[in-house]
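All chains should be built: construct the whole structure from the sequences, respecting the hints.
Throughout, the working numbering is defined as the position within the sequence shown, counted from one, plus 158.
Certain hints may be false.
[Unchecked claim] Label-pair restraints from in silico Cβ distances: (1) D223 x L182: 33 to 41 Å; (2) D192 x L218: 27 to 35 Å; (3) H224 x T265: 14 to 22 Å; (4) R191 x F222: 27 to 35 Å.
Bear in mind the hints are in silico, worked out from the structure with no lab data behind them. Just so you know, these numbers come straight off a predicted model, no measurement behind them. The beta-carbon is built from N, C-alpha and C at its ideal position, and this holds for glycine as well.
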Amino acid sequence: MTYPVVLLKGAQSELRNLYINYLLPNFGAEVARDNYVAIKASVESLKTTPRMGRPIPELLETGFDHYRQMVVEDLNKIIYQIDDEKKIVYVHLFCSTRQDFETILRTRLLGAYP
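This is how it looks when you write it as structure tokens:
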């Protein structure tokens, strides 16, 4: 079964910002491009294997067991939600693995519900 993958508006903006403001200036054009391509390929793979990411431990204890994370190229995380009832994957955010993940979860994800 194939699930449509929806990049929420905030995730689209974050992906653009991750590329322009973080990857490009810190790692150069080639690494930035390679990471961007890897991220897009990982998002595409969610259509056929939405459970390939792992549950987010910080959210499991709060009952948010439908969110998952996938690390891409050891530098970036994709945070997404599987809606099994609608058979849709919602990509909520992209971030660097070097960012304060708990703060990101508190400020962005816990208040953002499609």
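Against the structure, the hints come out as follows:
no.	hint	in the structure
1	D223 x L182: 33 to 41 Å	holds (35 Å)
2	D192 x L218: 27 to 35 Å	holds (32 Å)
3	H224 x T265: 14 to 22 Å	holds (19 Å)
4	R191 x F222: 27 to 35 Å	holds (33 Å)
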